[in-house]
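Novice: What follows is each chain in one-letter form.
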Amino acid sequence: MSFAPVDLLEPPKPAIGEGRWAKTLRTFSFYVLLSIGAVCVCLPLLWMIVSSVKPANQLFTIPIQWIPSEIRLSNYEQAWNTAPFGRYFVNSIFVSTTTTLLNLFFCSLTGYAFAKYSFPGKNFFFLLIIATLMIPFTVVVVPLFILVRDLQWVNSYAALIIPGAISAFGIFLMRQFISTIPDELFDAARIDGASEIGTFFRIVLPLSTAPLAALAVYIFLDNWNSLFWPLVVTTRDEFRTVAVGLTQFQTVHGTKYHLMMAASTLVAVPMIIVFFFLQRYFIRGIALSGIKG
Amino acid sequence: MVRKMRLTIYQKRSLWGFLFALPAILFFIVFAYYPMFNAARTSLYDWNLVSAPVYVGLRNYEQIFADARFQTALTNTFRFVASYTVPMWIIALSMALIFTQDFKGRGLFRTLYFVPIVLSETVISIVWRLLYHPQGAVNSLLAPFTDGQSIPWLTNGSYAFTALIIVAIWRVFGYYMVIFIAGLQNIPQEYYEAARIDGGGRFQIFRYITMPLLRPTTAFVIIISLLNGFQAFVYQYLITRGGPNDSTNVLAYLIYQEGFTNLSMGRASAISMVLFAILITLTALQLYLLRNREN
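First to last, the sequence lines map onto chains B and H.
Just so it is clear: in the first sequence, position 79 is 79 by our numbering, and no numbers are missing.
Just so it is clear: in the second sequence, position 279 is 1279 by our numbering, and no numbers are missing.
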């Protein structure tokens, strides 16, 4: 089976002896098309990085100046000092990590309960939780804000972390996985004197590392990238996350384009590096979410 | 004499199970059901967060439906969803079909196509806003084809609309491509071999083997991308600010404006309820259609 897009270029039946040529041509054009696509996809990113080290007046030129006349790393220093990016990073790391850990613990604990225990109302409660997948964030952002305000959580880590501490999707994922662990393992552990909580820590958690890793990457990125909610519940730099801080930077210093690109690069590059190292988990996490359907 | 209640080992165990699930149950009651109920209730009040809420019945709904801005945002939301999802599905599936073939450098190309999804919507919105600058990179690259005329990407309504569609597709197609790849890889090879032995053409194989077996994945992609599309907010907020003249305003951004800029909690909640009605209808419809097809 040959590659789909090349079919368009397929020449009329090659005469004897031309087969190899045709094949080379096909392969060649296939890679050319694929590369053009890849360039289109990555160009905005490249432009961001190049612009981040340019002098202010070299960003908007026709044609694009891909190689800056001088490389100004001082843009980064300036951007970093214009807004408290250090604080934003600490906040984002703290909020995303805590939210992820809470999710891993509660999603697997709840998933365990629904996979391996029977209690009155179990099906009802499971449906109750899964049905919340039908309640999109945008629909409840106003009342959720009112709730957080009534709790006096505006401008606090609690507001950033707690409303996202447990994910219904995570519970579903963990329940599906934990139901595949054989019951005999739990019985054996109980005979050895393990408590119910003991079985969770000794059997469920160690055996669930694969879905937990996928869930962790998914939740972490979701929180790291989230804008709407942190934007609404933070008004002070002390609690702003990177996403909100960057938005703020755009509002306040909207015309310092080169600094804006330096700031964006500072935010984007760690994510890209993390992605290259954790690519496997990342892609598996997405594939997992697709298979649930 | 009060007899101490004794639980059998099974009752004890089921009590533990319930206790394990309890935090999550309470969590979703407080952070999902209560706000949902509250959205419905607040939509019946006039409230600016400061003075006491005033009950106004359905007046918020009457007002928003009579409001030209709301009508524009509602229409734009549907237009946005329709024009970004359909091309995106086609691109994602075609790319997935390519990436399930065997060729050298497959992993590298897949990674490159996937990069935009790693960046946050915030970062890419800030970058794209500059790319769409009158003398920005997009116009610069298009200059040879436009006789040097600069396209008013963000200052003309229909261009601004297209600009956001491009960004939306550019960012997520890699994500759905990966989901399609996973779905395609789950189709057993034997089906393809059998079809080829029976002399099936490439299109026939796609139509009668790939598509039906890929249906669960396709359904998932369609549902999730529609749900996300209807909630789009960041591009509108950071690239166009809903403008020019509300030509790119959508419901999610209008909720933000009414709720957090104008502090009209009642109107914002009423818009939220309309959005909820749309999403729930859509999901129900899809589940219904899918069920029918399976039979």
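Honestly, the hints are just simulated from the structure, not real lab data.
The reader is advised that the hints may include incorrect statements.
To be verified - Partial list, derived from the structure: chain B residues whose beta carbon lies under 7 Å from chain H:
#1 V32
#2 L34
#3 I36
#4 L266
#5 A268
Unchecked claim - So these bits of chain B aren't anywhere near chain H, every CB distance computed over 10 Å:
#6 T24
#7 P63
#8 P120
#9 P136
#10 Q152
#11 I191
What the hints assert, rightly or not - Dumping the calculated SDA-like pairs for lysine to any residue here, alpha-carbon to alpha-carbon at most 20 Å:
#12 K1104/H with R190/B
#13 K122/B with N1228/H
#14 K23/B with K1012/H
#15 K23/B with D1102/H
#16 K122/B with V32/B
#17 K122/B with L1015/H
#18 K1012/H with V32/B
#19 K1104/H with I1090/H
The beta carbon of each residue, even a glycine, is placed where N, CA and C say it ideally should be.
Novice: Against each hint, give a clear statement of whether it holds in the structure.
Specialist: Tested hints:
no.	hint	in the structure
1	V32	12 Å, violated
2	L34	6 Å, holds
3	I36	11 Å, violated
4	L266	10 Å, violated
5	A268	5 Å, holds
6	T24	14 Å, holds
7	P63	6 Å, violated
8	P120	8 Å, violated
9	P136	6 Å, violated
10	Q152	14 Å, holds
11	I191	12 Å, holds
12	K1104/H with R190/B	51 Å, violated
13	K122/B with N1228/H	30 Å, violated
14	K23/B with K1012/H	70 Å, violated
15	K23/B with D1102/H	15 Å, holds
16	K122/B with V32/B	56 Å, violated
17	K122/B with L1015/H	11 Å, holds
18	K1012/H with V32/B	66 Å, violated
19	K1104/H with I1090/H	24 Å, violated
In summary, the structure is inconsistent with hints 1, 3, 4, 7, 8, 9, 12, 13, 14, 16, 18 and 19 from the numbered list given earlier, while agreeing with the others.
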